[in-house]
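Participant: In case you want the letters, here they are:
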Amino acid sequence: MNDFLNSTSSISEFVGASHIGDTIGMVIPAVDQMLLDKLTLTKKYSVIGILSARSGAGPQILSMDDAVKATNTEVIDIELPRDTKGGAGHGSLILIGGYDPSDCRQAIQVALDGLPKHFGDVYNSPAGHLELQFTASAAGACHLAFGAPVGKAYGLVCGAPSGIGVVMADTAIKTASVDVLSFASPGHGTSFSNEGMVHMSGDSGAVRQAVMAGREVGLKLLAELGKQPVADFPSYIK
Amino acid sequence: MNDFLNSTSSISEFVGASHIGDTIGMVIPAVDQMLLDKLTLTKKYSVIGILSARSGAGPQILSMDDAVKATNTEVIDIELPRDTKGGAGHGSLILIGGYDPSDCRQAIQVALDGLPKHFGDVYNSPAGHLELQFTASAAGACHLAFGAPVGKAYGLVCGAPSGIGVVMADTAIKTASVDVLSFASPGHGTSFSNEGMVHMSGDSGAVRQAVMAGREVGLKLLAELGKQPVADFPSYIK
Amino acid sequence: MNDFLNSTSSISEFVGASHIGDTIGMVIPAVDQMLLDKLTLTKKYSVIGILSARSGAGPQILSMDDAVKATNTEVIDIELPRDTKGGAGHGSLILIGGYDPSDCRQAIQVALDGLPKHFGDVYNSPAGHLELQFTASAAGACHLAFGAPVGKAYGLVCGAPSGIGVVMADTAIKTASVDVLSFASPGHGTSFSNEGMVHMSGDSGAVRQAVMAGREVGLKLLAELGKQPVADFPSYIK
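Residue numbers (UniProt numbering), protein chains in the order written: chain A, 1 to 238; chain B, 1 to 238; chain C, 1 to 238.
These are calculated hints, taken from the structure and not from any lab test. It is possible that part of the hints are untrue.
Any copy will do: because identical chains look the same in the list, a pair fits if it lies in one copy or spans two.
What the hints assert, rightly or not - EDC-like, lysine to aspartate or glutamate: derived pairs with alpha carbons at most 20 Å apart:
| # | residue 1 | residue 2 |
| --- | --- | --- |
| 1 | LYS69 | ASP103 |
| 2 | LYS238 | ASP103 |
| 3 | LYS85 | GLU224 |
| 4 | LYS117 | ASP32 |
| 5 | LYS152 | ASP103 |
| 6 | LYS69 | GLU224 |
| 7 | LYS174 | ASP37 |
| 8 | LYS117 | ASP66 |
Given only the sequences and the hints, what does the whole structure look like? Please build it.
Facilitator: So this is what it looks like as structure tokens:
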């Protein structure tokens, strides 16, 4: 599969782009002060990195979570458009700040490189999708987007149409002893997406086990709507 | 037309699924208390039924309205994702509560069975859609979703793109003496859907007459955008 | 290209329709008072004109801006559904008020006639879109929708996915001395669309120059996601 778009770009801001979720990465080395005043950021950096996608929020957020751990950058804004090109979920806009453009550039590249992994547990069918995410140690992206405690394991269990996510969440929580951070649904905590998703924290083994249990029931339920859901990349949660 | 998906499911929560609107019905016999704490419900039942769809809100809500009338269950949450798989309208997530799983299971089954009827006055064209609904006696689903007074006739007149719904509403209201409960539009009372819709209550004959008048003008207006709108099922409002 | 739909309509409210954005124009000569009470309008006219579209907000708003300048009508509501038929942006619902149905009818016709011009700087690719708009003298539509000062030049620079719009905005603002009215993004100032857009006011030459600079970098960035973006109509900003 041809995951990444190859180009020798003449635009100084361009970092890279991927067919996966139509994701583009950019860096602005010195943001105009007037624009900075109008952006809604947790901290006003003048060096910013941008990761922007038509399809996918969890995969980009988890990829960025790894990226800020690996670089001297900080997540300063996460916004979730109601997109996915006609699908049931979100796209994403993630802004990071740093003191050096090369740091931001590196972070954006790391995030782009992490997309195939974090799309590994995104399962699609004509009727909907499932998404599972897990990290043993959440950082700034999972914290800002989902309220995950930094340094603790974090797990995401999501199903669309949203009712499937309710049953997945119930199954996940019953499977292992985890903290339930929140449950997001079309009217609460999403951008009117057709997703039900539970955000969990706690012991690494328990969170992982809960995520896998949610996945198992989700795959069966979504298949009831016609076709078997399939992922484009190998699963990373096992 | 093959409306319903046939399966012998191994998942205890599964009730049934339909190609119509990609609708799935499920029951959780004993919801995990931590999940129950995070859900936004009008009443905290531990036995819940779930009706969830990619396309359609009115049809599922009206079908559930009949279902709660026929069973010992109660509607406790209705959320409207901005979905329809690229169309102009909503999907739906409906939760019901009960004291016995078999009651919830029965209610969800009744609601699934009601979909062909309540999609009978949903008309689609490449440019948009129309939706008409009518009940002689509104129950809990129409009350929670649309503010319909319980026990009185309720009518819905909806058009997309939303401007068509404005004219349909005006025509409907002028036709018969009805109470106008509210008018929903992209920025007010929808989840940013491209629909204009009026919610009406009152005398059964008047509401029905108003709905039919809205339908007549809506069909002509939507046809002006190219193709004649068509319904997949026979009309039930006559 | 066959831009406009031809029909001899039997519906008194119908003014015209266009394939461009699936846009329909209508007039209600005497709105029902009960409906008027439920609509959210800046001023309660009983003669209203309606412009409603599945795809496009900027083009319809700029076209209506010209239309109210040319007629004795006033913009009284602008709402932005999250639409574009699976695309990343908005549709639109625009209501105008007047004292004479023929004035409203004329305004709606002028707005429909302005669509090809104002879609001239809308560029689409499979991955996203760009939109540029410019007027030397903003009127009521740009004022109500975007906060543009009436009588001053106004410019819109928009990119999707939204991160592209951030870089376009930064480039535009740095190019010429303009006032930044606001920056809209998925979570702030849009209906969860996947767009980043800056609204600018100021000197006519400066605003135009800023818009053109935003366009140049936007075309290059969106092309990095695969295909070269193309417009369906000739550019009007030069």
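Participant: It remains to establish, for every hint, whether it holds in the given structure.
Facilitator: Evaluation of the provided hints:
Taking the shortest alpha-carbon separations for LYS69 and ASP103, only the intra-copy value of 12 Å comes in at or below 20 Å, while the best inter-copy value is 50 Å. In this homomeric assembly, LYS238 and ASP103 never come within 20 Å of each other (Cα to Cα): the closest approach is 32 Å inside a single copy and 38 Å across copies. Taking CA atoms no more than 20 Å apart as the test, LYS85 paired with GLU224 passes between copies only; the shortest distance there is 18 Å, against 23 Å inside one copy. Taking CA atoms no more than 20 Å apart as the test, LYS117 paired with ASP32 passes in neither setting, with 34 Å inside one copy and 31 Å between copies.
Taking the closest pair of Cα atoms, LYS152 and ASP103 never come within 20 Å of each other, the shortest separation being 25 Å inside a single copy and 41 Å across copies. For the homomeric pair LYS69 and GLU224, neither the shortest alpha-carbon distance inside one copy (39 Å) nor that between copies (27 Å) is at most 20 Å. Proximity of LYS174 and ASP37 under a CA criterion of 20 Å is satisfied inter-copy only: 14 Å between copies versus 46 Å inside one chain copy. Proximity of LYS117 to ASP66 under the C-alpha cut-off of 20 Å is restricted to the intra-copy arrangement: shortest distance 11 Å within a copy versus 46 Å between copies.
Hint check: violations occur at hints 2, 4, 5 and 6; the rest are consistent with the structure.
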